[in-house]
Amino acid sequence: MDFYAFIIENKEILKILYGLIISIICFFIVLRTDRMFRLSLHQGIRYFRNAFFFYGLGFLARYIFGTPLLTSYFNSNYFLVTKIFLEFFLTMAGFFLLYSLVWKKFEISGENYFSSLLNPPILIFYLLAIMIISLDNLWGGYFFMFSSQIIIFLFASAISIVNYTKNGSRHKFLKFYFLAMILSLIAWILNSLAALLTEWDQIILINISGINIILFLLFLFGVIYVTRVK
Amino acid sequence: MGKKRERLEVIKDILESVRASRNIKPTRLLYASNLSPQMFKEYVNELITKGFIKLEVDNNDKKNFLITKKGNDFLQEYKVIENFIENFGL
Chain V
11 MDFYAFIIEN KEILKILYGL IISIICFFIV LRTDRMFRLS LHQGIRYFRN AFFFYGLGFL
71 ARYIFGTPLL TSYFNSNYFL VTKIFLEFFL TMAGFFLLYS LVWKKFEISG ENYFSSLLNP
131 PILIFYLLAI MIISLDNLWG GYFFMFSSQI IIFLFASAIS IVNYTKNGSR HKFLKFYFLA
191 MILSLIAWIL NSLAALLTEW DQIILINISG INIILFLLFL FGVIYVTRVK
Chain B
150 MGKKRERLEV IKDILESVRA SRNIKPTRLL YASNLSPQMF KEYVNELITK GFIKLEVDNN
210 DKKNFLITKK GNDFLQEYKV IENFIENFGL
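Chains V and B supply the protein sequences, listed in that same order. So the first sequence is numbered by the numbering used here: it starts at 11 and just counts up by one. So the second sequence is numbered by the numbering used here: it starts at 150 and just counts up by one.
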């Protein structure tokens, strides 16, 4: 049987597996980085941890709680709620990931907010995320989320290539970080194309899932490789 | 003029000074830390609050800083954390 045909035939069960794999990767990254944050109270680690916390929740919301195996038991409002949560979590995750790269420009070094989920800079993200979700629900679709994520990952790619050219020879993972940002950008562009031009073409969606697995594994590899005890 | 030390690096330097001396008087630690008295006070208060060091007062009312287990753990993990921050551009 053709590879794509096999995946399309078993897509509902494979989606659950896919959601579980990415959620578990995120859970591991959150655990590892949370330990480092608690020791160092470094804000960059804190925001990086939050990004994967939200990615984990986003994938759980979409692929576990939002699976048709479950949504078919509930009314249409249930699907709408999982869609809203998916958008909110993924948008917040993107904001946190970008902010983890630029927080030093906005916060005074040594300033420690009591909560990384409720502090003035983050409240702006919540506001933006709510606006994006509201606009998408008003228009119907994901246009505003896709656009915001493409902009976020354009910036993140630019910052990570600057980091790589500056310090890439000393810190090997910077090139993989840049690669992960480029893969994220490609995944979001493909997502937009699949939604806006092809009405969710299954082959494109399978390729996006493949890219997502690669980039989350890349982050997992980075966290394990960089934090291993020598 | 040398590069301004990062907050994490200052904390590591203070903890290493306390660990090297096993117990150290506040004035000696201030000199070793190479910070202004105001900044020194802020860092030391933060380290005490986080439980990385503790201040002991002996019978003669003399004050000494001691490193705690959490402080020692931090020093062991410092390299790993520093490596992580630099490799992820945080």
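A few of these clues could be false.
[Stated by the list, open to error] Beyond 12 Å from chain V on every Cβ pair, some chain B residues (computed):
#1 L178
#2 A181
#3 N183
#4 E195
#5 K219
#6 Q225
[Unchecked claim] Result set (DSS-like, lysine-lysine): computed pairs, CA atoms no more than 27 Å apart in a straight line:
#7 V:K182 <-> B:K199
#8 V:K114 <-> B:K161
#9 B:K161 <-> B:K219
#10 V:K115 <-> B:K161
#11 B:K190 <-> B:K219
#12 V:K114 <-> B:K228
#13 V:K114 <-> B:K174
#14 B:K218 <-> V:K176
#15 B:K174 <-> V:K115
#16 B:K199 <-> V:K185
#17 B:K211 <-> V:K182
#18 B:K211 <-> V:K115
#19 B:K218 <-> V:K115
#20 B:K218 <-> B:K161
#21 B:K211 <-> B:K174
#22 V:K115 <-> V:K21
#23 B:K228 <-> B:K211
#24 V:K114 <-> B:K190
#25 B:K190 <-> V:K176
[Unchecked claim] Using C-beta positions, here's what the derived DEER-type ranges look like:
#26 V:N177 <-> B:R177: 14 to 24 Å
#27 B:K228 <-> V:L27: 53 to 63 Å
#28 B:N221 <-> V:D44: 12 to 22 Å
#29 V:K182 <-> B:K190: 36 to 46 Å
FYI, nobody ran anything at the bench for these hints, they're computed from the structure. Cβ atoms here follow ideal geometry from the backbone N, Cα and C, with glycine treated the same way.
Going through the hints against the structure:
no.	hint	verdict
1	L178	18 Å, holds
2	A181	20 Å, holds
3	N183	16 Å, holds
4	E195	8 Å, violated
5	K219	8 Å, violated
6	Q225	9 Å, violated
7	V:K182 <-> B:K199	32 Å, violated
8	V:K114 <-> B:K161	20 Å, holds
9	B:K161 <-> B:K219	13 Å, holds
10	V:K115 <-> B:K161	23 Å, holds
11	B:K190 <-> B:K219	20 Å, holds
12	V:K114 <-> B:K228	20 Å, holds
13	V:K114 <-> B:K174	33 Å, violated
14	B:K218 <-> V:K176	36 Å, violated
15	B:K174 <-> V:K115	36 Å, violated
16	B:K199 <-> V:K185	35 Å, violated
17	B:K211 <-> V:K182	48 Å, violated
18	B:K211 <-> V:K115	42 Å, violated
19	B:K218 <-> V:K115	33 Å, violated
20	B:K218 <-> B:K161	14 Å, holds
21	B:K211 <-> B:K174	8 Å, holds
22	V:K115 <-> V:K21	44 Å, violated
23	B:K228 <-> B:K211	33 Å, violated
24	V:K114 <-> B:K190	23 Å, holds
25	B:K190 <-> V:K176	35 Å, violated
26	V:N177 <-> B:R177: 14 to 24 Å	35 Å, violated
27	B:K228 <-> V:L27: 53 to 63 Å	37 Å, violated
28	B:N221 <-> V:D44: 12 to 22 Å	20 Å, holds
29	V:K182 <-> B:K190: 36 to 46 Å	39 Å, holds
Violated hints, in rising order: 4, 5, 6, 7, 13, 14, 15, 16, 17, 18, 19, 22, 23, 25, 26, 27; the structure is consistent with all others.
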